[in-house]
Amino acid sequence: MPQLLDPKCSQSPEKSVAKCLYCGASKATLWLRKVQDRLQYVSGEWDFYRCDECGSAMLHPMPTAEDLASLYPPIYTFAPELGARSRFSRLLAFLEYHLFFRPTYRTQARIVSNYVRKHGIGKRLLDIGCGRGLRLLEFRREGFEVHGCDFSEESVSYLRDCHHISADVADVSTLNTVYEANSFDIVTAFYVIEHVVDVEEVFRSCLRLLKPGGVIVAVCPLSDSTQAKLFGNRWVVATEAPRHTNIPSQIGFIGACRDVGFEDITISADSTVANAACVGMSVFPNSSTTSVYGAGQWRVMVNRLLGAALTYAVIPWALLDKWVFKRPAMGMLFARKPV
Numbered sequence: 000m001p002q003l004l005d006p007k008c009s010q011s012p013e014k015s016v017a018k019c020l021y022c023g024a025s026k027a028t029l030w031l032r033k034v035q036d037r038l039q040y041v042s043g044e045w046d047f048y049r050c051d052e053c054g055s056a057m058l059h060p061m062p063t064a065e066d067l068a069s070l071y072p073p074i075y076t077f078a079p080e081l082g083a084r085s086r087f088s089r090l091l092a093f094l095e096y097h098l099f100f101r102p103t104y105r106t107q108a109r110i111v112s113n114y115v116r117k118h119g120i121g122k123r124l125l126d127i128g129c130g131r132g133l134r135l136l137e138f139r140r141e142g143f144e145v146h147g148c149d150f151s152e153e154s155v156s157y158l159r160d161c162h163h164i165s166a167d168v169a170d171v172s173t174l175n176t177v178y179e180a181n182s183f184d185i186v187t188a189f190y191v192i193e194h195v196v197d198v199e200e201v202f203r204s205c206l207r208l209l210k211p212g213g214v215i216v217a218v219c220p221l222s223d224s225t226q227a228k229l230f231g232n233r234w235v236v237a238t239e240a241p242r243h244t245n246i247p248s249q250i251g252f253i254g255a256c257r258d259v260g261f262e263d264i265t266i267s268a269d270s271t272v273a274n275a276a277c278v279g280m281s282v283f284p285n286s287s288t289t290s291v292y293g294a295g296q297w298r299v300m301v302n303r304l305l306g307a308a309l310t311y312a313v314i315p316w317a318l319l320d321k322w323v324f325k326r327p328a329m330g331m332l333f334a335r336k337p338v
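Numbering (numbering that gives the first Met the number 0) for the sequence shown: 0 to 338.
No lab work stands behind these hints, which were simulated from the structure alone. As the structure is a computational prediction, the values presented were derived from the model and not from experiment. Be a bit skeptical, because a hint or two may be false.
List time: in silico BS3-like cross-link candidates among lysine-lysine, alpha-carbon distance up to 27 Å [what the hints assert, rightly or not]:
| # | residue 1 | residue 2 |
| --- | --- | --- |
| 1 | 18 | 33 |
| 2 | 18 | 228 |
| 3 | 117 | 210 |
Model the full assembly from the supplied sequences, consistent with the hints where possible.
Take a look at the structure:
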């Protein structure tokens, strides 16, 4: 089990930090204290400090870029073949894919497709951190020319061999060496930003990769959501520490994007199921895909089913968050490169 240096929780509510990853400010206030990895893969406790200027949250202590890859368990993202071990696991994987993952991916692809159609943007798309490419399948069904990149060589090989999708081994620090400038109409980053230690680098790389007038679509959790306020250090987004190194506010997210040169920036809610699922996994921490397929225990599978049931039960709340409160747990940012 990886182990980072045990953080010492500050007794002071204020802390000087190197800088906020979103606005560059150096003053932050203790927000969430003694957060633990819900997957129990990395031992230790962490704090989140909220920037006094933009409200974005930063992990303390922050892992180094070199540490990041070692913080992920072998099974971290969903793929249908995870259920191959038994008949019950196959059924569970089938149901999960068609009831949760595919509806979310399909909704996301349609939202992007509608935006592209409305603004007359081309359909050559790169997905950063694409994993096994299940979301890219939905984009391909929407008529996009899809390309993916991921730091996992196994995922990239799977994409090429099983889905026949163009893919490269790359992470946010090597994008500029793998792809030429002005290569794509759309660059997507689903649930990537919260995992990095240099947000500006990500946005600058995306700006470089996009053609003039192209669009970045970035989806990540938001620190000013109603769920963050309700669940505190039990919020599933926080308990992904230390893999989640930051959680932006809407203001911080927009500001960081604007500062590197993007324009026409908007934020809306991610898919309703994705937002509702955060409630399910916050109440039942062992209900994630990683816990189920990694542990293979009946008790954990029961938790997964309970989490799934709660997810669908709170969809009305997710809709209120989207349309009334406008404080979704997961936000989808659109921004364009100047022509």
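Notebook entry, point to check: Any hints this thing doesn't respect? Which numbers, in order?
Noted result: Hints that this structure does not satisfy do not exist here, as all of them hold.
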